[in-house]
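With chain A held as given, fit chain B onto it using these hints.
Residues per chain are reported as follows:
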Amino acid sequence: MSDGSNMEKTAEQWAAFQKIWTDTFAKMMQLGFTSPDAAPPEFLRQIRGGIFQALSQSWDEFMRSPQFLESMKQWMENAIAFRKMSNDFLTKARHETQAPAREDIDATMQAMHHMETRVLDRMEELAKQVEGLTARVDNMSGTKPRPTKRASARPRAAKNRKQGKTRKQP
Amino acid sequence: MKNGNGTTNPWGKWQQSMLDEGFANARRFSRLPLLYQKAQRIRKGATPSEVVYEEDRLKLLHYPTDQPPRYATPLVFVFALVNRPYILDLKPGRSVVEHFVKRGFDTYLVDWGAPTRADRHLTFDDHINGYLANVVDFLRERTAAPKVNILGYCMGGTMSAMFTALHQERVKNLMLLAAGIDFATRDGLLNLWTGPECFNVDKFVDTFGNCPAEFLQASFLLLKPVQNLVEKPINFFERLDDDEYLDDFLTMETWLNDNIPVPGEIFREFVKYLYQQNLLVQNKMPVGKHTVDLRKITCPILNIMARNDDLVPCAQSAPFNDLVSSTDRKSIIIPAGHIGLAIGGKAQKEVWPQACDWLAERS
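Just so you know, the sequences run in chain order A and B.
All residue numbers for the first sequence refer to the numbering used here, where the first residue is 1295 and numbers rise by one.
All residue numbers for the second sequence refer to the numbering used here, where the first residue is 5 and numbers rise by one.
With the rest of the complex left out, here is chain A:
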């Protein structure tokens, strides 16, 4: 992009930004000319309320503007780049001292998570097969079908379950 078009874009953004705030101050000035019927603190509160309302509207408008969205995007990209740089530096420093870095632990956790998913999926399949076999056995023996528990839920809860532990009684 040429310098000329860059300047033009900046001027457009500045003009849009200026318009929002000029409108706001115009609204605020209008409020200042309201007749003071009430006592001073109440009158000042009314003016203040009006000013805040005008400011809120302007901010909302501003935060929806392409200019704000563009600057927010830039800010986010810079924050991410900075964080990435510091992550990389710390990872390198840890690796140089032959210590595990956070990304190694993350990778291990991810591997465990994938393994858990595979095991649970397989268990679900086995549970369905057992359910089918049980139904067939029940049919053959002519007994009532036995109710099955948690046919499709992930069964890992059972190992961690604790019941009736009182936590708080305010």
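Keep in mind the hints are simulated off the structure, nothing from the lab.
Heads up, some of the hints might be wrong.
[Said to hold, decoys possible] With a Cα cut of at most 30 angstroms, we get these calculated BS3-like pairs of lysine-lysine:
#	chain 1	residue 1	chain 2	residue 2
1	A	Lys1378	B	Lys276
2	A	Lys1367	B	Lys17
3	A	Lys1386	B	Lys207
4	B	Lys228	A	Lys1367
5	B	Lys151	A	Lys1313
6	B	Lys288	A	Lys1422
7	A	Lys1422	B	Lys176
8	A	Lys1422	B	Lys293
9	B	Lys228	A	Lys1313
10	B	Lys276	A	Lys1367
11	A	Lys1422	B	Lys63
12	A	Lys1422	B	Lys151
[Claimed, not checked] On the chain A side, residues computed to face chain B include the following (Cβ under 8 angstroms):
#	residue
13	Ile1341
14	Met1366
15	Lys1378
[What the hints assert, rightly or not] Just a sample of chain A residues kept apart from chain B, beta carbon distances all over 12 angstroms, derived:
#	residue
16	Trp1308
17	Ala1309
18	Asp1317
19	Arg1339
20	Gln1351
21	Ala1375
22	Glu1390
23	Arg1430
24	Ser1435
25	Gly1436
26	Thr1437
Glycine residues also receive a C-beta, built at the ideal position from the N, C-alpha and C atoms.
Here is chain B on its own, set in the frame of chain A:
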């Protein structure tokens, strides 16, 4: 104030009111040192509860009563992952939980807990088909009821809708409270800010891991900067001598500042699949190896929305009732904000008694 002729003296009136304001300010300043003590006394959760089930960081709270439950079907509250769930049980007189407990419902609340870095890979699948499915199964076993009633708030509402679509046979009635369903609207600032042209969620999650609590807090504050950063502190100072207001303010601020991070992968899925691709309304939302089809929801639906909600605008929740196959559908819209929907005076007086009646008729 009148002078000797019986006419009003404007100067006298002005002087008197300025003097009154001066004294009032002095009174307010004198209360400042007591604020810390008051803030320390704020309780998290008003209704007595006990933990009946735990899994990893999740805790299921039960609200026991002296009387046996009046309705056989248990009710479980599912809150969002972005804040603590005690907003639903903030303080006596401002508690959604209290309404249902008093009406005789066997009430439970899912507290997802605060995720650590180890939880960054947890997805919607883990939360919906894992934790939530296990909680519901646990309740079915515990209460011997074949189904449960679910009330989901905000992101918890979105997750409850997905759960119901995937496991309709386990849900008797579904109540949604400010739940995001159709993310096509651009009414809300969050919808704009999370657009793919503004926010690269993949880069964000890959770099930060979990979505930091401070990031969420700052985003929510920015939704209404003048109200949150200017008006609120001024109002607070002006009403420092009002004990009831002070108690409400400190309770609310305690909750607002008690943020928790969101597991990275679920944040990625939420932003990418919902805010950016709007897959839920297209019945294409992937949850693990399943796809959510809202048309599979056949149970009675109560959809509660707030007209002035800046976080989840009405336009984001309202389409839900037309996307499900249920014939028993009802919507309630009140003039409140996102939080006011749960704890606001109007909600407490009008909405929650109505919601209790609705559920009582169907439990």
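A quick look at each hint next to the structure:
no.: 1; hint: A:Lys1378 with B:Lys276; in the structure: holds, 21 angstroms
no.: 2; hint: A:Lys1367 with B:Lys17; in the structure: violated, 53 angstroms
no.: 3; hint: A:Lys1386 with B:Lys207; in the structure: holds, 20 angstroms
no.: 4; hint: B:Lys228 with A:Lys1367; in the structure: holds, 19 angstroms
no.: 5; hint: B:Lys151 with A:Lys1313; in the structure: violated, 58 angstroms
no.: 6; hint: B:Lys288 with A:Lys1422; in the structure: holds, 25 angstroms
no.: 7; hint: A:Lys1422 with B:Lys176; in the structure: holds, 24 angstroms
no.: 8; hint: A:Lys1422 with B:Lys293; in the structure: holds, 16 angstroms
no.: 9; hint: B:Lys228 with A:Lys1313; in the structure: holds, 20 angstroms
no.: 10; hint: B:Lys276 with A:Lys1367; in the structure: holds, 16 angstroms
no.: 11; hint: A:Lys1422 with B:Lys63; in the structure: holds, 28 angstroms
no.: 12; hint: A:Lys1422 with B:Lys151; in the structure: holds, 21 angstroms
no.: 13; hint: Ile1341; in the structure: violated, 13 angstroms
no.: 14; hint: Met1366; in the structure: holds, 6 angstroms
no.: 15; hint: Lys1378; in the structure: holds, 5 angstroms
no.: 16; hint: Trp1308; in the structure: holds, 21 angstroms
no.: 17; hint: Ala1309; in the structure: holds, 21 angstroms
no.: 18; hint: Asp1317; in the structure: holds, 15 angstroms
no.: 19; hint: Arg1339; in the structure: violated, 8 angstroms
no.: 20; hint: Gln1351; in the structure: violated, 9 angstroms
no.: 21; hint: Ala1375; in the structure: violated, 9 angstroms
no.: 22; hint: Glu1390; in the structure: holds, 21 angstroms
no.: 23; hint: Arg1430; in the structure: holds, 22 angstroms
no.: 24; hint: Ser1435; in the structure: holds, 26 angstroms
no.: 25; hint: Gly1436; in the structure: holds, 25 angstroms
no.: 26; hint: Thr1437; in the structure: holds, 21 angstroms
Checked against the numbered hints above, the structure breaks hints 2, 5, 13, 19, 20, 21 and satisfies the rest.
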